[in-house]
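From just these sequences and the hints, can you work out the full model?
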Amino acid sequence: MSNIKTGEVANFELLTGLAAKERETVCSLLKEKYYPEGKVIFNEGDQGGEIFFLLAGEVEISQALTLPMSKAADYDSRDKSIIRLSGENGAVFGEVSIFSNEDKRTATVTALTDCRMGILTEKDFFQILVSNKQVGYKILLNLIRIVCDRLVTANKNVLKLTTALSLILEK
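Per our numbering, the very first residue in the sequence shown carries number -2; after that it's consecutive.
Be a bit skeptical, because a hint or two may be false.
[Said to hold, decoys possible] In silico DSSO-like links for lysine-lysine, alpha-carbon gap of 30 Å or less:
id	residue 1	residue 2
1	Lys101	Lys135
2	Lys101	Lys153
3	Lys130	Lys18
4	Lys36	Lys101
5	Lys28	Lys157
6	Lys36	Lys2
7	Lys135	Lys2
8	Lys28	Lys2
9	Lys30	Lys120
10	Lys120	Lys130
11	Lys30	Lys2
12	Lys18	Lys28
13	Lys120	Lys135
These aren't lab readings, by the way, just hints derived from the structure by calculation.
Below, the structure written as structure tokens:
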């Protein structure tokens, strides 16, 4: 049984539209875990399989600046910080690996402060979808909205980068 209360997840966008009893079902499946400041929660390329609910603390999400072209020692493995998430905002991350064919993490997540997480395994996530179609529908609709918002932001960032590159190349 989880120690995570329904009120703690009330502001999570993934659970928007769920009644308290429906959120209780999700909370009962969350595994509580703590990560100390500086701890890498997972690395880009790691095997996935869980969705993380950031209940308290702050994390940084980063990605490699370059794609790996070889295993050479001179490979540039620097990361670029993409975003910081706070437990105050009902942040959820890690969902991409559940739906990706590669089942890999697309970014590295590091605890910037001591963090408290609720972790929902892939198995439990799909159990919710199967066992209660109405709750599953609401969660999937919320997840689609979240992913679409992130895709729109990513597309805008690509446009900005290609515009900047073309301006540099014109000189």
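> Hints broken by the structure, by number, lowest first?
Replying inline: 5
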